[in-house]
Each structure stands twice: as C-alpha cells, then as structure tokens.
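*Asks:* The lines below spell out each chain.
There are 2 protein chains.
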Amino acid sequence: MNDHKRPKVSIFDSTLRDGAQGEGISFSVLDKLKIVQLLDDLGIEYVEAGNPGSNPKDLEFFREVSSLDLKSVKLVAFGSTRRRNTKASDDANLASLLTADTPYVSIFGKSWDFQVTDIIRTTLKENLAMISDTVAYMTSCNKKVIFDAEHFYDGYIENEKYAIETIRAAVDAGAVSIALCDTRGGTVPSLIGSITRRIVDMFEGVEIGIHAHNDISCADASSLIAVENGARSVQGTLVGFGERCGNANLSTIIPSLQLKMGYDVISPEALSHLTLTAHSLSEIANVSIPHGTAYVGRSAFTHKGGMHIDGIGKNPRSFEHIQPELVGNERRVLMSEVSGRATILKQIKKYAPHLEKDAPETKRIIDSLKRLEMSGYQFEGAESSFELIIAKHLGKYTPFFTLDHYKTFGEMPNNGQTETSHTAVVKVFVNKESAIEVAQGDGPVHALDKALRKVLNNFYPQLSQIHLSDYKVRVLDSLNASAATVRVLIETTDGECSWSTVGVSTDLIEASWMALVDSIEYRLMKEGVIPSSTHTKGEHV
Amino acid sequence: MNDHKRPKVSIFDSTLRDGAQGEGISFSVLDKLKIVQLLDDLGIEYVEAGNPGSNPKDLEFFREVSSLDLKSVKLVAFGSTRRRNTKASDDANLASLLTADTPYVSIFGKSWDFQVTDIIRTTLKENLAMISDTVAYMTSCNKKVIFDAEHFYDGYIENEKYAIETIRAAVDAGAVSIALCDTRGGTVPSLIGSITRRIVDMFEGVEIGIHAHNDISCADASSLIAVENGARSVQGTLVGFGERCGNANLSTIIPSLQLKMGYDVISPEALSHLTLTAHSLSEIANVSIPHGTAYVGRSAFTHKGGMHIDGIGKNPRSFEHIQPELVGNERRVLMSEVSGRATILKQIKKYAPHLEKDAPETKRIIDSLKRLEMSGYQFEGAESSFELIIAKHLGKYTPFFTLDHYKTFGEMPNNGQTETSHTAVVKVFVNKESAIEVAQGDGPVHALDKALRKVLNNFYPQLSQIHLSDYKVRVLDSLNASAATVRVLIETTDGECSWSTVGVSTDLIEASWMALVDSIEYRLMKEGVIPSSTHTKGEHV
Numbered sequence: 175m176n177d178h179k180r181p182k183v184s185i186f187d188s189t190l191r192d193g194a195q196g197e198g199i200s201f202s203v204l205d206k207l208k209i210v211q212l213l214d215d216l217g218i219e220y221v222e223a224g225n226p227g228s229n230p231k232d233l234e235f236f237r238e239v240s241s242l243d244l245k246s247v248k249l250v251a252f253g254s255t256r257r258r259n260t261k262a263s264d265d266a267n268l269a270s271l272l273t274a275d276t277p278y279v280s281i282f283g284k285s286w287d288f289q290v291t292d293i294i295r296t297t298l299k300e301n302l303a304m305i306s307d308t309v310a311y312m313t314s315c316n317k318k319v320i321f322d323a324e325h326f327y328d329g330y331i332e333n334e335k336y337a338i339e340t341i342r343a344a345v346d347a348g349a350v351s352i353a354l355c356d357t358r359g360g361t362v363p364s365l366i367g368s369i370t371r372r373i374v375d376m377f378e379g380v381e382i383g384i385h386a387h388n389d390i391s392c393a394d395a396s397s398l399i400a401v402e403n404g405a406r407s408v409q410g411t412l413v414g415f416g417e418r419c420g421n422a423n424l425s426t427i428i429p430s431l432q433l434k435m436g437y438d439v440i441s442p443e444a445l446s447h448l449t450l451t452a453h454s455l456s457e458i459a460n461v462s463i464p465h466g467t468a469y470v471g472r473s474a475f476t477h478k479g480g481m482h483i484d485g486i487g488k489n490p491r492s493f494e495h496i497q498p499e500l501v502g503n504e505r506r507v508l509m510s511e512v513s514g515r516a517t518i519l520k521q522i523k524k525y526a527p528h529l530e531k532d533a534p535e536t537k538r539i540i541d542s543l544k545r546l547e548m549s550g551y552q553f554e555g556a557e558s559s560f561e562l563i564i565a566k567h568l569g570k571y572t573p574f575f576t577l578d579h580y581k582t583f584g585e586m587p588n589n590g591q592t593e594t595s596h597t598a599v600v601k602v603f604v605n606k607e608s609a610i611e612v613a614q615g616d617g618p619v620h621a622l623d624k625a626l627r628k629v630l631n632n633f634y635p636q637l638s639q640i641h642l643s644d645y646k647v648r649v650l651d652s653l654n655a656s657a658a659t660v661r662v663l664i665e666t667t668d669g670e671c672s673w674s675t676v677g678v679s680t681d682l683i684e685a686s687w688m689a690l691v692d693s694i695e696y697r698l699m700k701e702g703v704i705p706s707s708t709h710t711k712g713e714h715v
Numbered sequence: 175m176n177d178h179k180r181p182k183v184s185i186f187d188s189t190l191r192d193g194a195q196g197e198g199i200s201f202s203v204l205d206k207l208k209i210v211q212l213l214d215d216l217g218i219e220y221v222e223a224g225n226p227g228s229n230p231k232d233l234e235f236f237r238e239v240s241s242l243d244l245k246s247v248k249l250v251a252f253g254s255t256r257r258r259n260t261k262a263s264d265d266a267n268l269a270s271l272l273t274a275d276t277p278y279v280s281i282f283g284k285s286w287d288f289q290v291t292d293i294i295r296t297t298l299k300e301n302l303a304m305i306s307d308t309v310a311y312m313t314s315c316n317k318k319v320i321f322d323a324e325h326f327y328d329g330y331i332e333n334e335k336y337a338i339e340t341i342r343a344a345v346d347a348g349a350v351s352i353a354l355c356d357t358r359g360g361t362v363p364s365l366i367g368s369i370t371r372r373i374v375d376m377f378e379g380v381e382i383g384i385h386a387h388n389d390i391s392c393a394d395a396s397s398l399i400a401v402e403n404g405a406r407s408v409q410g411t412l413v414g415f416g417e418r419c420g421n422a423n424l425s426t427i428i429p430s431l432q433l434k435m436g437y438d439v440i441s442p443e444a445l446s447h448l449t450l451t452a453h454s455l456s457e458i459a460n461v462s463i464p465h466g467t468a469y470v471g472r473s474a475f476t477h478k479g480g481m482h483i484d485g486i487g488k489n490p491r492s493f494e495h496i497q498p499e500l501v502g503n504e505r506r507v508l509m510s511e512v513s514g515r516a517t518i519l520k521q522i523k524k525y526a527p528h529l530e531k532d533a534p535e536t537k538r539i540i541d542s543l544k545r546l547e548m549s550g551y552q553f554e555g556a557e558s559s560f561e562l563i564i565a566k567h568l569g570k571y572t573p574f575f576t577l578d579h580y581k582t583f584g585e586m587p588n589n590g591q592t593e594t595s596h597t598a599v600v601k602v603f604v605n606k607e608s609a610i611e612v613a614q615g616d617g618p619v620h621a622l623d624k625a626l627r628k629v630l631n632n633f634y635p636q637l638s639q640i641h642l643s644d645y646k647v648r649v650l651d652s653l654n655a656s657a658a659t660v661r662v663l664i665e666t667t668d669g670e671c672s673w674s675t676v677g678v679s680t681d682l683i684e685a686s687w688m689a690l691v692d693s694i695e696y697r698l699m700k701e702g703v704i705p706s707s708t709h710t711k712g713e714h715v
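Chains as they are written, first to last, in this note's numbering: chain A, 175 to 715; chain B, 175 to 715.
Quick caveat, the hints were computed from the structure, so don't treat them as lab data.
Among the clues, some could well be false.
Identical copies look the same in the list; a pair holds intra-copy or inter-copy alike.
[To be verified] In silico lysine to any residue, SDA-like type, Cα no more than 20 angstroms apart, as pairs:
#1 Lys624 / Glu585
#2 Lys478 / Gly198
#3 Lys570 / Glu530
#4 Lys531 / Glu670
#5 Lys231 / Val649
#6 Lys208 / Val649
Take these sequences, add in the hints, and give me the full structure.
*Replies:* This is how it looks when you write it as structure tokens:
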C-alpha cells in the first residue's frame, strides 16, 4: 500500500492520567518522565498528563518534562470545565491548568443530561455555558482545546438532542478536536459505530476522536469501528491501564489500524519496537502484561497444539495473522527448541555485530540465554547483564573478584539499639589477595549492597562514584508464595550514565547479589579496568 | 423486556478442548469433570471435550462424565474430517470419536483453499469430499454434527466461492449447525459482521455459529457483531483460555448478549453466579482471572478516581454500566491518594455499620489510615489488614501472641551443604508461656514464614490448615534503591477462603513479617479464637 494515500489517525495516550486511575497503578515523577520518553520514541502524537494544580507530583512533572527533547509528542494538560456559576477567568483549576504550559489542553464536560442534573447538579443550560465559556477562555489563552465529551454515548442514547448540543457548544467556542467518550464502557460496538458516524457527518471539518473503556471487553473493537465510521483520533493507554476494566489498549489498536485497516499511524520502524515499548512501560508500572495480550503478549505468537505447530512449520501464515516481527514480538513453539532463535540473534548482533549466524559462539550464547530465560531471566530491562553474558562467551570478560562468602544477619527487635536491623559480611579475593568488610543496612539487601561496595573499594576505588538508582523485585511464580522465584532488576548510576542488571533466584538475597555483582562488573569492564590487586587498603585476612 | 420474545442464542463452551491449548493450561480428568459440572450449573448448552482416541485422559473423561447428572449441558466430542483418500467408515479417528457416546460431534474441516493445498496438501475437490463424507457418515451413525469451518473468514476473503462450497458440502451432508471460525483471530469485527450476514442469508434455516479468537483483541466484540448479523450460536471458553491470545470469552459475551442486547442466553439466577463460576473455573486451571476482566474481574466495578467515587456515591449509574450484582460481582471503592474522607468512611461502615460519622473513634480510624497511606500502605489489595486496624481501634482485638524476637541468618556459599540457604528463629509469648522454633527456607522470608507458623502451631493448631497463596513485593520509592520503602502484600488461604494483608517497611523482612502476622491474627480473630495458651506442645524456654 502506498503510504502517501493512507488516511492519518492520530493517537492520544492517557497512561499518565486515565491510566493512573487503574487499580494498583501509581507513578512517581521519574516514572512519568520515562513513560513520556518511551511514547515519544514510539511516535505517539499526544500525551495527556494531569493538572499541575491537582497535586505536587503533577506540578513537579510539568516542571521537569519541559527539559525533555521530544520529537513527536505534544503534551496535553487535563482539566474540567469551569465550576458552575463562576467566570472561567476566575476559576482556580483553569488557572493552574494554564501553568502547565502545554500547547494543548483537554477539557472534559458532561454530555449526558442525567450527569448534569443528578451528579454535578446544575441546569442543562448552565452546563452548556460551562463548556462554551471554558473552551472559549482556554482558546483565548492560546491553548488548542480538545473537548472530552464525557458519557457522550450514554447521553446520546438517552437524550440525543442535548448530547449533540454539548458538542456544538464546544465546537462553536473553538475546540480543535472532540473526543466522544464511552465513559462507563458499556456501549456495544455497533452503536458506537452508528453514533460516531452521525457526529462525524454532522460536524464536518472538525476532528472527531473516540475514547473507549473496556467494561464489556469491546474497547479495542469499538475504537476500530469508530475509525471506520470517520473518527480520526483514538484515545487510550499504551497497555490498557485505566479505571475499572481499563481504557482502550493502544498497543493492540495501533497495529490493527496500521496492518489490518490501512491507516497511517506510526512508522513501520517504530511499530517494530511496539512489544518492547509496551513491556518497558509495564515494567515501570511494576505490572505484567498478561501473556495472552494481542500482538504484544508473550503468548501472542506461541503455538501449543500439534496441528498448529505442524502448520506453522509448513507456513507460518497458517496460524499467524501477521508476522510477529512487524510488532517486535516473536514466535514461540512450546516444548521445542526452535523458538525465538532469530530474535535472540538480532539482540546479540547489537553488541557483537561481527558474529556470524552459524558461528559456534552464537549457538552457545543462544543456548545459554534460552536456558536463563526458561529459569525466569528477562533481559528487556537489564541490557547490561545481557551484554556481560555475551562478553563472557566471547572471552572478553575476566572476573574482577571471587566471592569467598557472604553472610547476612537480621534481628527484631533490634537489641543493639542501632537504627538499622541488618548486618552483612562479605569476603572476596582479588587475584590472591583477600579482603573482608562488614556493613549495616535497613534490610539484608541494603546491608549486602553496602558491604560489597565497601570491600571492593579496597581494590577499585572508582566504585565510590556509583550508587543504585532503582531496585525492583518481581515475584515470578506466585503460587509458591514466599518460596517463589524472584527476579531483581537494579539500575546503577555514576551520576552521568545509568545501566541495568538482573538476577534470578528462589532466594531474594541471592538474586539481589547477582544483580549487584553484574552492575559492578559491567561498570569496570566498560571502563577498561584490568582486574588487579593494587590500591588495597582493606583488612586483609 | 418480555423473555418470551427474546431470541435465543446458544452457548458452546470449548474450555476442555480449545481452552486446553492455552499456554500453561493442563487439566486432569477430575478437573474436567468439575468444569463440566460448573458449566452445567450455569446453564451452558454445549460443552466440547476432546476425542477419546487422542489420549488416555480423554478416554477416561468420556467414561466418567456419563455418571454426571447433567441438566443443561449436551456433550460434544471433537474430531477432524476423515483422512484424505480413505473411507469415512474406515477412519480410526472417526471410529474412536463414536466411542465417546455423545449426542453431538464437532467435525472440523478446512474452508481456506490455502490450507487445503499447502497445509493438508490435497486437492480442493478431495477436501470437499472429506467434509461431505465425514458429516454424512457421522449423521448416519445418529450423531448430530456441528461443522467447524476452520479458517472460514480468511478463506472467504481469499476465495469466497470455495469457502462457501465447504459450508454447502457440510449442510448438504446433514450438519445441524455451522460454526464459522476465525481461527487465526485476525479478522476485523466489521468484516466478521458482513461475512456472517452473507452466510446467514445464504443458508436460511441452518443454525450459524461464530468461533472467534482474540489475536487482535476483538474476539468478544466480533462474537456480538456476528449475533447481530444472524449467528445464533456462540463458541468460546468461559474465561477466554485458548491457543495464543485465547478464545472468545464467554464470561463477558453472555452478559453482553443478555443484559445489553436483549437475547435469551441463561437464566437471570444463573447469571448472578457468573463471577463465582468464572473464578472457580480459573481456580481449577490454577490461573488468575486478570483483575481488569470485564464483568467478572475483581476491578470491574472498582472505583479509584475522586470524581468517580463522588458520582457513585450520588448514583451508581453514573459510572457503572450495569448493577454488579446482576453478574454476581461487587462494587469496590479504593482508598488511594485521590480518595477522600467520605470514601474511607464508607469502607469503615462495611465493617462497623453502627459507627457514626462524627464519633471520635471514626476520626481516630481515619487519621490512622491516612497516616498509614502516607507511609506507603495501600489497602486496595489488603482488606484484612484494613479490618484488623478497625478492630484494633474499636477494642475488638486482643493480640494472639507477643514477639520476643526473631533472627534471620543467610550464607553464601552454603557451607552447611543444605538445600536452603536461610535460617530463621522466632520466639513468642502467648500469655505468660513462651516458645521458640527454628526453620529453614529458600530466602529469609520463606524461612521466617515457616518458623512463625511452626512456633504458633504450638498454641493454635488450627493454623496448620492455612498457607500462603500469593506474595507480592512493591518497591515504593525506588530512588532510595536497596534502602527504599517496600510494601509486601500476601494472600493466605485455608483451601476455601482466602484473605489478604499488607506490611510496609524499609526492611523487606520486617514488611513481610507484618503481613504474615496480620494474616494469622485475622484468621484467628474471624474464627473467634480466644488468645490462649492451651495445646502447647513446643519447646518452652
């Protein structure tokens, strides 16, 4: 298909606003900044965040985000229509919305008469004025206004005339785009389609968008159907986070629009990073994408049935609706050795571009990675551990130290009356010299981290510049409860760069140890340090 | 709506056949029998299992299932069309299918020319004969035949004429129902609708069904749209299990058909048990239903945003598309950073209905909850800890034991050569008696969990019935890395009920300890156990 002829659909991500309303979702300011960057790399056009006036976290976010160099993303601040019976220019919420300093603002207002009379408790007429005044005021402040017609479909079904009047009020006051919201998520797709078509026809020349929720499991389908009926903007959240059953899931809508329906959404190159981006975003939220998620789930191209595996062997087209690589996912065949080889190879080439596909090292690396993945490793958020494994296989790595042993002790109540309750002892050898150190911390991992740095500092003083910047624990197999396998991901920084490593074990302390060791060795390796025993200052045993 | 006028849609569940192709799904014979009973209680009409010839488990299943007294379920055995170039009456697979002794059989055959030529590698003509012969033979053996037109939609799109011929062959040979399959799951819903309509019109008088897969996240919507276009049978699996992204999810399709679209599917009474049935089936498969699942998920009627909670307080209709009780689910209101005093009060009232809004206890409870939330607690997934806090404030709680101390030790390498690397010692007092026990585990938390249960078992032997079923760690403030505050959520079960508790600390071990203690005390409190020192059997110090 010729891309120049593809109609454009723009994508509006609300992970930071509607997504944060999902149960169990909570973002720090740093999380939010990372998410904006991920969405920008993916080529998303609009990213909605909150209102700087609503809480200090949002205030800090809008201050910090201006320092990012965004290529595609236009930031959108989000707020309500003015309060009833006030002037828009006197409304404190609108004033704080302006301080976000974004080119776009989303203003939501009520399109369902029942919501006006029974929930915000004002007159239908005043509600129209609230919409009109707010959109006009924001427009006069040089904001491009997207009007979120809340409960639009429910409103249309119960009082079509009034629902349309609310859209008219926003359009006449200067809104550049109208998002028709199925706020309760309960409207069947065919009705979403026919109602959207009416509005598109009625407001020719105005961009109409769809904002769907998944309460009847149709948000993604309804979004596609709205586009077939003339909507040209789709609101959702990248992995479907949101209130109750979540918002429309952009990671499944984007490829359907682009690969199935011939729309121009993001570049094919960006699309090929979709799976990685979706999982990275999920990692930030500390939530797993369900394996069965369309396009980006781990099982999306996984074959188990005998006849399916046979068919795939003859021609993947037989049981795969698209090539998994188009969205950066990969084929897996359960109980077989052939899965993912090409994918892993692609990753290896990133670090060792000279390596041939058929080289024996390649095979060994792939085998060992596959073994590690089977046991719960994941290298998506731990590129440095991945690089270390490749270095080890290519003979480019010499250990910087050998562990003699570590011990951890914890005690409650804390009889020693110290502030910290845990103690760790670490003894290492570097060449033939040994050193042992002890440190205390708030938990066993904290104590171990401090003791390891302390003992290695005797040999590698440059380690004093680095410290952990993130520490994440994921329980992999929760059915075994406290004896489950855990994966620890850590991020380390020297103030300029940061790098991430991983460890997996049924023992949280051991998993943390593995990730800590990788983080230190990676740094020393990158610096070109030669494993040595000079500069020793510690207590030698 | 008058139920006598509602058009009927019949439901066909394939959890035992297509569902078993899902990654991680494996059913024992006993599991399968339990599932058939659950589906029968729900009023499902058709339940598809495998072929007794395909493996001994299926053989045993069909033998055992005949002893169940099923009210609504008709069993369906599943098999392929005859092999190419054989006689149907000589085909071993068809012979074994007959031994299942079911009133119905599902016969799948190819409707996509590409599959015929490239995958099963025969002629288009022979494939038609395979369909026709097989359906005719099974019909002559007194079976009612449902023909599964595999890859029908893909086939129709690429070779409409041939796809229709395959349906014609099955209908002419006596098939009582035709299931149009979107086997790869990649067809957009609007196409599913228009193609289904064509087939329904073309084969008037024959029941047409839809069998959708979720590879573009549209299986549920496509099933609804097929029904709007004349399909009168919906195939799926009760909680969406299936190959790759799963099959159409009957637990979301049934309520949509019945509550939104006016079809007669199952009785309102049965519908009100849908949530419980879906979770029971998932339990059998040892898989959790994702919280955000439409209708039956734990978050499906859960409100977090301040304005949503306010709206729900005024009228639940404002943000709920149906009454949760209709499907046996319930409303939950989360207490997050965004929720206010009114929400917390409503939660308190659930446990202490007599408590007045302005009572001093109420104020104390709210103050202490808000303090806990500020320090990182979250009661969304920890209702039992919440209830304990209320009980403590209302003087309804007496501690069941006092901690004297616990100690944990870890060591690597493991000099003692034991399999577990961590040891915990716990000493407690119950009244004036003390007990001390030691246990080992895979990590400090695992060891502590075992030691705590062991020592309390001396006083409360009923605790031997309970065990952890889930353990989750969330790092709250990841900027402090390994010294960050962590929140531990655990779920405990006695095999019948489960309950969840929370602990927060900068020390992971202490946070886990708090959640473990809550889980035990909650259980003892609910059971009405009076803190005692009888039944002591342990080593007393």
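*Asks:* Work down the list of hints and note, for each, if the structure agrees.
*Replies:* Here is how each hint holds up against the structure:
no.: 1; hint: Lys624 / Glu585; verdict: both (18 angstroms within a copy, 16 angstroms between copies)
no.: 2; hint: Lys478 / Gly198; verdict: between (32 angstroms within a copy, 10 angstroms between copies)
no.: 3; hint: Lys570 / Glu530; verdict: within (17 angstroms within a copy, 71 angstroms between copies)
no.: 4; hint: Lys531 / Glu670; verdict: neither (35 angstroms within a copy, 53 angstroms between copies)
no.: 5; hint: Lys231 / Val649; verdict: between (28 angstroms within a copy, 18 angstroms between copies)
no.: 6; hint: Lys208 / Val649; verdict: between (23 angstroms within a copy, 17 angstroms between copies)
In summary, the one numbered hint that this structure violates is 4.
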